[in-house]
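If you want the building blocks of each chain, they are given just below.
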Amino acid sequence: MLKIENLHASIEGKEILKGINLEINEGEVHAIMGPNGSGKSTLASVIVGRDYVQITDGRILYDGEDITKWSPEERALKGVFLGFQYPVEIPGVSMVNFLRAAINEQRKYRGEEPISPSEFLRIMREKKNLVGIDSALTNRSVNEGFSGGEKKKNEIFQMAMLEPRLAILDETDSGLDIDALRTVAQGVNALKRPDNATIVITHYQRLLNYIVPDFVHVLYKGKILKSSGKELALELEEKGYDWLQDDNGNGGI
Amino acid sequence: MGKEVLRNKTPELTRMVLDRFEKTGTSVKTGLLPAVKIMQQKGREAFLTYGIPGYKNEKYRFTPVQKYFEKNIPPLMVPRNRNFKLDDIFRCDIPTLNTFMHVVLNGFYFEETSSLGKMEDGIRIGGLRQAMKEMPGLVSKYLNLAAGESTDGLVALNAAFATDGFFIYVPDNVVMEKPVQVVNIVNDNQSDLVQYRNLIVLGKNSEARIVVCDHTLSEYESLSNSVTEVFMDREARLDMTRLQNENNNATNITHTFIRQEARTLLNNNHISLHGGHIRNNLDIVLVGSHAKSHANGLFLMDHDQHVDNHVFVSHAAPECFSNQLYKGVLNNNATGVFSGKILVEKGAQKTEAYQVNKNILLTDTAKMNSKPQLEIYADDVKCTHGATVGQLDEEAMFYLRSRGIRENDARLMLMYAFAHDVVRKIRIEVLQDRITELVEKRLKGDIPKCHTCLVNYS
Numbered sequence: 001m002l003k004i005e006n007l008h009a010s011i012e013g014k015e016i017l018k019g020i021n022l023e024i025n026e027g028e029v030h031a032i033m034g035p036n037g038s039g040k041s042t043l044a045s046v047i048v049g050r051d052y053v054q055i056t057d058g059r060i061l062y063d064g065e066d067i068t069k070w071s072p073e074e075r076a077l078k079g080v081f082l083g084f085q086y087p088v089e090i091p092g093v094s095m096v097n098f099l100r101a102a103i104n105e106q107r108k109y110r111g112e113e114p115i116s117p118s119e120f121l122r123i124m125r126e127k128k129n130l131v132g133i134d135s136a137l138t139n140r141s142v143n144e145g146f147s148g149g150e151k152k153k154n155e156i157f158q159m160a161m162l163e164p165r166l167a168i169l170d171e172t173d174s175g176l177d178i179d180a181l182r183t184v185a186q187g188v189n190a191l192k193r194p195d196n197a198t199i200v201i202t203h204y205q206r207l208l209n210y211i212v213p214d215f216v217h218v219l220y221k222g223k224i225l226k227s228s229g230k231e232l233a234l235e236l237e238e239k240g241y242d243w244l245q246d247d248n249g250n251g252g253i
Numbered sequence: 001m002g003k004e005v006l007r008n009k010t011p012e013l014t015r016m017v018l019d020r021f022e023k024t025g026t027s028v029k030t031g032l033l034p035a036v037k038i039m040q041q042k043g044r045e046a047f048l049t050y051g052i053p054g055y056k057n058e059k060y061r062f063t064p065v066q067k068y069f070e071k072n073i074p075p076l077m078v079p080r081n082r083n084f085k086l087d088d089i090f091r092c093d094i095p096t097l098n099t100f101m102h103v104v105l106n107g108f109y110f111e112e113t114s115s116l117g118k119m120e121d122g123i124r125i126g127g128l129r130q131a132m133k134e135m136p137g138l139v140s141k142y143l144n145l146a147a148g149e150s151t152d153g154l155v156a157l158n159a160a161f162a163t164d165g166f167f168i169y170v171p172d173n174v175v176m177e178k179p180v181q182v183v184n185i186v187n188d189n190q191s192d193l194v195q196y197r198n199l200i201v202l203g204k205n206s207e208a209r210i211v212v213c214d215h216t217l218s219e220y221e222s223l224s225n226s227v228t229e230v231f232m233d234r235e236a237r238l239d240m241t242r243l244q245n246e247n248n249n250a251t252n253i254t255h256t257f258i259r260q261e262a263r264t265l266l267n268n269n270h271i272s273l274h275g276g277h278i279r280n281n282l283d284i285v286l287v288g289s290h291a292k293s294h295a296n297g298l299f300l301m302d303h304d305q306h307v308d309n310h311v312f313v314s315h316a317a318p319e320c321f322s323n324q325l326y327k328g329v330l331n332n333n334a335t336g337v338f339s340g341k342i343l344v345e346k347g348a349q350k351t352e353a354y355q356v357n358k359n360i361l362l363t364d365t366a367k368m369n370s371k372p373q374l375e376i377y378a379d380d381v382k383c384t385h386g387a388t389v390g391q392l393d394e395e396a397m398f399y400l401r402s403r404g405i406r407e408n409d410a411r412l413m414l415m416y417a418f419a420h421d422v423v424r425k426i427r428i429e430v431l432q433d434r435i436t437e438l439v440e441k442r443l444k445g446d447i448p449k450c451h452t453c454l455v456n457y458s
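Those protein sequences? They're chains U and V, same order as listed.
In case it helps, our numbering puts the first sequence at residues 1 to 253.
In case it helps, our numbering puts the second sequence at residues 1 to 458.
For reference, chain V alone in the conformation it holds in the complex (with noise of 0.2 Å):
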């Protein structure tokens, strides 16, 4: 596939954004790795190159990108707001994630939870800042390898003024038996837009479980754009869940590039319980042969809610697995995307790449709109995709409601059978009990606060 050529379609917006950026500074100005310094550079020059998203970029005709920026919220380039104790304002109690959680506030790995951890079997995980400190030279192996080749102005734009972030780096034939647990948090006394980075590089035959918690506390607009790295040598495995529950303030886009070598597995899940405005891109090219792949996805959204997810699972090499499934119900004036495309590069024969999406809209009003892509160029390959927009089942509603299950009841119940085929895509099993508390708690139309979040929040 030819690299699209796209041009900057909003130099004035682009232009306005990269100045805001300059003119505020970062505290990080020297003592950078050079590779830090080079990713800076190109994502400047790709930022000028590209820009921001306009409302003809078809990869986000249907998520004004331009409209957020066009805000002009404050670029937040150094952390601030942290002389406060953590527990004072969030709790999370995932029983038995509590061990490993790991705090990034406002796009800053947050110390006080702990400095690159050095764990027992070499396992290091902490801020992506120690992590240039302390691993410069893996770190400068895999920055931006993956990201770098984007076409899209937002991961420049992170590339080109993200410091921080999480790092985890589990080593060769490592197991870590306990799941990561990392939270994203934005809470701040004025509006903010925050960037940040994170780097996940699993070892050979390693594994791990990492949940991605992204939670906004803050009651002023946020607009967060943040890019996330996974490179998965030989035979490694992870499992990883990001849930995203955010106010209706807050504004989130997510970059996720995932990067498996021969033999890999993951599990990815993405569940967005809540939030104003989603965007998440996942892009995963299967580089080596018999990779599995499983992209899983739920989102629930309701009144004038917005959620946009993007896939794109690249086969690059014979015989690998992929399954995309994702699921969305929509509420109200919610809307939502899904695109998804499956691309088999030529020399990748028997390979097998699934892609369903299934969406619920639950009034006349909400919005979904799908496309199923195939690009294949092998000929020995089996592949499938189907969307479907439609209501719940009248005739399950019916069968139900014939058995005394008042309509409401009822309802619930389709909508919960829905849902919990992606929830239990989720393998570590209080963490899919806890979601399945929570979606069931939102889909009854609760504000699903994770309930130990102490902070309440609209």
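Next comes chain U alone, as it looks inside the complex (with noise of 0.2 Å):
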């Protein structure tokens, strides 16, 4: 579904992916991990499109298609979702229209009529026991006055109403309690389907017990230094990142 090849990104002129090589296929669940500054939230960036990140070499591959140019708009039609570290507040835009807008565009690029009302409140409600958001967030602006907590949920509820083929989640679990955690990942793991994928960027190996990946990748200083399977996330809680060294003995940190 997703194949990354020798990506090299900047952000103002300061080169952060240093030739990341990434393959991800359809029913698998990623997790990308590694310290503060190793080009995680970068990475995130860099597949769904931020500007201020700039390719200087490699190409990321979608279904085979090179979509290193392509707008964020057209990546997420195309099912790529990006849920955001720090989920932006949008006053004055409520949350019904801006889903409503959001999955109208998705049925004109599917050549489909917009959702009728009664459809789209249905949905609303089913998506909304799923992942456990409290209904009269749904009825105020986008994250306006949100917990922590709350954006976070509303990450996934967005996942939900969107049903993306590919789900980037970004530091998902920071700021969360074990309870919203819990949900947050019985949210994630109720999505899963054999066609679809999840990357799961986080710092801790906590979510992991939730979110069983069957790939585990360290980053560190703009490259994958180890990937391995679950396991790796276990060895990681236990011993930290120093012990880790690339294949050709550099690394350790």
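Treat the hints with care, as some may be off.
Pairs of lysine-lysine residues, derived as DSBU-like cross-links and limited to a Cα-Cα distance of at most 35 Å, are as follows [stated by the list, open to error]:
| no. | chain 1 | residue 1 | chain 2 | residue 2 |
| --- | --- | --- | --- | --- |
| 1 | V | 444 | U | 108 |
| 2 | U | 69 | V | 367 |
| 3 | U | 78 | U | 239 |
| 4 | V | 444 | U | 78 |
| 5 | U | 151 | V | 444 |
| 6 | U | 151 | V | 441 |
| 7 | U | 128 | V | 444 |
| 8 | V | 425 | V | 341 |
| 9 | U | 151 | V | 71 |
| 10 | V | 71 | U | 69 |
| 11 | V | 341 | U | 151 |
| 12 | U | 151 | V | 382 |
| 13 | V | 441 | U | 108 |
| 14 | V | 71 | U | 128 |
| 15 | U | 78 | V | 441 |
| 16 | U | 128 | V | 425 |
| 17 | U | 69 | V | 444 |
| 18 | V | 71 | V | 42 |
Simulated DEER-style distance windows between Cβ atoms [unchecked claim]:
| no. | chain 1 | residue 1 | chain 2 | residue 2 | range |
| --- | --- | --- | --- | --- | --- |
| 19 | V | 332 | U | 182 | 45 to 55 Å |
| 20 | V | 445 | U | 175 | 36 to 46 Å |
| 21 | U | 149 | V | 363 | 33 to 43 Å |
Treat the hints as calculated values from the structure; they're not laboratory data.
Positions of the beta carbon are idealized from the N, C-alpha and C atoms, including for glycine.
Join the two chains, each given in its own frame, into one complex according to the hints.
Next comes the structure, spelled out in structure tokens:
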């Protein structure tokens, strides 16, 4: 589904990603771990098309197509979704209008009629239950006055509404208490299908107790230092990042 | 605050304008109320004293009034071009507002709609000139009472020559159930300088909702200089919305004076949708304690349009509340000005006064000048003010786009949200819906014709 080849990317002339290779197939859950400043969020940003990240080399293939020049909305319409680390508050734009607009854009893209109000409400109700988000929140402006935990739940709620093929969850666990973490993880697991995939970006192994990855990658100084199965996460939790070395014997943190 | 002595810096232009008016003459010379004669005389003197504001006049620094008057547009002193059916040129269908619609055409109350209507509960609505005949006592008492203190030469010019406009009187303890809509239309087959004068008097514990629409239908260049005085007696409640939708050849200068007695509640909304050059002066004085005043404004300008809102709120009594919320979106080469001043007089303790001005510039060439000012002579007050000029929030833009919403739609969503902050302050629901719709069309780049105005204008 997603294939990243030798990706180099910079922010304001400073190279952050220094040759990333990553392949993600349908039905897989990948965890990307690494210390602060290793480039995790930059990788997420570059996949969804943030313009402040400049790709200097390499490419991103999605279903075999090079998407590096695509607009964020084109990527979204093709099924790429980002759960933001810091969801922005948008006063005056209601959750309902926002989600309806997003869903109708998808429908238009697929050549379908706009969603009927009753169908929309039905789906809203269903997905709210799935994610365990407070009904009152969806009557407000996008993220306005939401607590940190509510904002993260709202990201998963939007993911449930939009049913992406490739979901990237950027530090969705940060700022969540254990109950909220569990609800968020349950939501993510419930949305898992054989034809979609998830990238979980996280600092801590904690979330991976609830969302079990098929692969764990360690990102360090803009490179993937090590890729392995889920047991790597446990190892990292236990030993930290210090013992890691790449295939050339470089590394050590 | 001492009265500033602003000497006439444009004596030649001022004299030329005065001569032009006096040579044109007026249809109403006889039978004038003594109070009106005094107003005219005082106006003439004040006009010669203060003159047309020049380029260096601080109050008009960003709005070149001098240039507008140098065009020498002939004043319209008598009603003309009235032999047509109003419905043929203008129809506004804000639902339920139709019943009480009144029209001022080129500065003169348009009789076809009605004479000074006598309604149940003693409410009187109609033309000012008619009111001078039918309610001389009331008109004499209030006319020029607030505006007469102004040091603005343009207010003086209006006092000297304006003879008509609309008049609304709501007696004590009367609640006007339906809103009144007043439509100021400029429509002629020549260029005109029009002046009109409006008077609104609300009795004790009365209530009114008023919608004023400024429309220019004429394709010729026009200059309008109007004065509106509003007197709110104790505990009166007023919701007033002024909607300006005019063409690019129109220059519209409005002066609104509002005097609030104790425990009055004002909600004043000023929506400038479209117009060549707009200058709005709003002057509110809270003369009685516990008065509340909300002054809201929204302006959406593009191309070479210019809008200037000058708001002055004076707290002359203790324990009053005021809030100013002005927001603007400027596109292309449009220019905007906001100058908001809060004055808290010495005895006005426990004043709460707030002011916010937020602006979005959509291009590098649009310009906004914002000047918030506080002048406080009391020590126990809560006052804040703030102004921002910026672009649309990039983070919010990206968030919307990352959910598949197209860039252009995302931009519009954010602009609606920005504007809606002001629109939601309008307390007449049907009007709020209507203005929401007009604002959305405007932001989409459509020319807002109010749709049902049958005459298209550019």
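Verification of the supplied hints:
Straight-line distance between C-alpha atoms of residue 444 of chain V and residue 108 of chain U comes to about 20 Å, which keeps the hinted pair within the 35 Å bound. For the given pair, residue 69 of chain U sits about 33 Å from residue 367 of chain V by alpha-carbon distance, which is consistent with the 35 Å threshold. At roughly 39 Å between alpha-carbon atoms, residue 78 of chain U and residue 239 of chain U are farther apart than 35 Å, so this suggested pair is violated. Of the supplied pair hints, the one linking residue 444 of chain V and residue 78 of chain U holds, its CA atoms being roughly 27 Å apart against a limit of 35 Å.
In summary, the hint linking residue 151 of chain U to residue 444 of chain V is supported, as the alpha carbons are separated by about 30 Å, within the 35 Å threshold. Distance hint between residue 151 of chain U and residue 441 of chain V is fulfilled; the C-alpha atoms sit about 32 Å from each other, no more than 35 Å. Using a Cα cut-off of 35 Å, the hinted pair residue 128 of chain U and residue 444 of chain V holds, with the two alpha carbons roughly 33 Å apart. With a C-alpha separation of about 21 Å, the suggested pairing of residue 425 of chain V with residue 341 of chain V holds against the 35 Å cut-off.
Taken as a hint, the residue 151 of chain U and residue 71 of chain V pair is broken in the structure, with Cα atoms around 58 Å apart against an allowance of 35 Å. Straight-line distance between C-alpha atoms of residue 71 of chain V and residue 69 of chain U comes to about 53 Å, which puts the hinted pair past the 35 Å bound. With a C-alpha separation of about 39 Å, the suggested pair residue 341 of chain V and residue 151 of chain U falls outside the 35 Å cut-off, and the hint is violated. Straight-line distance between C-alpha atoms of residue 151 of chain U and residue 382 of chain V comes to about 33 Å, which keeps the hinted pair within the 35 Å bound.
Between residue 441 of chain V and residue 108 of chain U the CA atoms are separated by roughly 22 Å; this keeps the pair inside 35 Å, and the hint holds. Using a Cα cut-off of 35 Å, the hinted pair residue 71 of chain V and residue 128 of chain U is violated, with the two alpha carbons roughly 64 Å apart. This hinted pair checks out: residue 78 of chain U and residue 441 of chain V have alpha carbons roughly 30 Å apart, not beyond 35 Å. Of the supplied pair hints, the one linking residue 128 of chain U and residue 425 of chain V holds, its CA atoms being roughly 31 Å apart against a limit of 35 Å.
Using a Cα cut-off of 35 Å, the hinted pair residue 69 of chain U and residue 444 of chain V holds, with the two alpha carbons roughly 27 Å apart. The hinted pair formed by residue 71 of chain V and residue 42 of chain V meets the criterion: a straight-line CA distance of about 26 Å does not exceed 35 Å. Judged by the Cβ atoms, the range 45 to 55 Å given for residue 332 of chain V and residue 182 of chain U holds: they are separated by roughly 52 Å. Our hint of 36 to 46 Å for residue 445 of chain V and residue 175 of chain U holds, since their Cβ atoms are close to 41 Å apart.
Checked against the hint of 33 to 43 Å, the pair residue 149 of chain U and residue 363 of chain V passes, with Cβ atoms roughly 40 Å apart.
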